[in-house]
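Chemist: Spelled out from the first residue to the last, the chains are:
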Amino acid sequence: MHSERIVAGGSDIEKQLDDLLGQDNPTRFSPVDSTVESPSESPLTSLKSIVLSMDWEISDSILKEFIQELKRLKAVFQQDGIVVKSLQLLEAIGKYILQKKSRTHPESISLLKSIYRDLEILLLSKGISHTVRRNILIDEVAQFMKLKKKLAVPARPTAGYLAGESETATTSSDSPSSEPPFQGRIVSDGERTPSLEAVLYAIEDMKNCIQTEFGTLRADLKLSRESR
Amino acid sequence: MKNKEIQAKIVYYGPGRGGKTSNLEYIYQQFRERIPSEIVSIKTHGDRTLFFDYLPFEVGKIMGYSTRIQLYTVPGQVKYDATRRLVLKGVDGIVFVADSLMVQRKKNLISLKNLQINLAAHQKDIFRVPLVLQYNKRDLDELGIPVLSLETLENDLNRQLKVPSFPASALKGDNVVLTLKKIIALTMASFQKRL
Chain A
1 MHSERIVAGG
11 SDIEKQLDDL
21 LGQDNPTRFS
31 PVDSTVESPS
41 ESPLTSLKSI
51 VLSMDWEISD
61 SILKEFIQEL
71 KRLKAVFQQD
81 GIVVKSLQLL
91 EAIGKYILQK
101 KSRTHPESIS
111 LLKSIYRDLE
121 ILLLSKGISH
131 TVRRNILIDE
141 VAQFMKLKKK
151 LAVPARPTAG
161 YLAGESETAT
171 TSSDSPSSEP
181 PFQGRIVSDG
191 ERTPSLEAVL
201 YAIEDMKNCI
211 QTEFGTLRAD
221 LKLSRESR
Chain B
1 MKNKEIQAKI
11 VYYGPGRGGK
21 TSNLEYIYQQ
31 FRERIPSEIV
41 SIKTHGDRTL
51 FFDYLPFEVG
61 KIMGYSTRIQ
71 LYTVPGQVKY
81 DATRRLVLKG
91 VDGIVFVADS
101 LMVQRKKNLI
111 SLKNLQINLA
121 AHQKDIFRVP
131 LVLQYNKRDL
141 DELGIPVLSL
151 ETLENDLNRQ
161 LKVPSFPASA
171 LKGDNVVLTL
181 KKIIALTMAS
191 FQKRL
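As you go down the protein sequences, you meet chains A and B in turn.
According to the working numbering, the first sequence is numbered sequentially starting from 1.
According to the working numbering, the second sequence is numbered sequentially starting from 1.
Hints listed in this document are in silico derivations from the structure and should not be mistaken for laboratory results.
Every residue gets a Cβ at the ideal spot worked out from N, C-alpha and C, and that includes glycine.
Watch out, some of these pointers could steer you wrong.
Here are the computed distance ranges between Cβ atoms for each label pair [claimed, not checked]:
1) A:Asp-80 with B:Lys-106: 31 to 37 angstroms
2) B:Thr-83 with A:Arg-134: 52 to 58 angstroms
3) B:Ile-117 with A:Asp-12: 34 to 40 angstroms
With a straight-line cut-off of 35 angstroms between C-alpha atoms, the simulated DSBU-like cross-links for lysine-lysine are [stated by the list, open to error]:
4) B:Lys-89 with B:Lys-4
5) A:Lys-149 with A:Lys-113
6) A:Lys-146 with B:Lys-113
7) B:Lys-113 with A:Lys-64
8) B:Lys-79 with A:Lys-48
9) B:Lys-61 with A:Lys-15
10) B:Lys-113 with B:Lys-79
11) A:Lys-48 with B:Lys-107
12) B:Lys-113 with B:Lys-124
Just chain A, same shape as in the assembly (with noise of 0.2 angstroms):
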């Protein structure tokens, strides 16, 4: 789809140019050549420009991409098993944000990003030990459990909705009609206010609790009034 780009001016124009405006004064900076590979570079290059794109968008293709390179270094790296490890750690969310998209649970781009940054260590850090490299990836997988758990929460929890932590990531009976409309967004800590969504979805569940009060008082009443 990207192959139209025009990236070069052609030296004939360029070089009109050059005659025109005159050529460039000496300038401290040198032009940015992106087609240029750097020597130093680490087998982590393509994940981290991956994860840094992150910060802009987060689309299919992207975490396609993302899941794609994951399975390319869990190759490279298989004789390595707490890098394989950190690796499979960073799939099983990439994989998650996949199938949830916009309903996936703040914490987990948060997670994935830390979990990404012990594997730069892991992998670039010179004369690390092997408990210390241990201890991330035991760290990392508390974090990782931490969060199973919190997605884990059954759905519509009586007092937690408002959490927005029914989001389960292994539910299956996704029925659109049983599921809050602002699955997936932490409103509960005070620090955010609660979407338009969630008021009318707290409403909503005010009205049905109150309706299945009123029902159980009207059944509680009939059965005294037959017992008299």
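Go by the hints and put chain B onto chain A.
Modeler: Coordinates of chain B only, in the frame set by chain A:
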């Protein structure tokens, strides 16, 4: 394009306070004799571009065509999106002036995304339009002010676009003319391809 004459519209786009107007001011200083009028600039009290800056510029003969370039800037502030969209109408080439300041990283990304959206409103594809990236304010690094590395800027802004990019200092004039020449060359090549 008419009577062996080419008029090209080049727009300097980017986040607010990134240096778009400074680019035009430097060009105006350098090539004053080729510029038939004063730089047209409408600013707010805070010296921010309110509508746009406009600089008509006679380049000379390129490919046998008398070439006249119209340089525009857009207001970078987020609230002036309608103006930005308007200025992009009929654009032939774009210089995206990114701010190298570390604290402006996100604004660069938002502005580039905004450019893509506003180009799409004119049925233009950011991946096809002649485009040059300029990483401005590189001189601040020498003053100890935290700036983004060129690697980060390339990763953030040019990873997918893969267009020519230049570190620059619009205030001091470093690579301003080089950026201009590159976008004119790309725009002319684009015209040539369409002929």
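Chemist: Which numbered hints are broken by the structure, listed smallest first?
Modeler: Those not satisfied: there are none.
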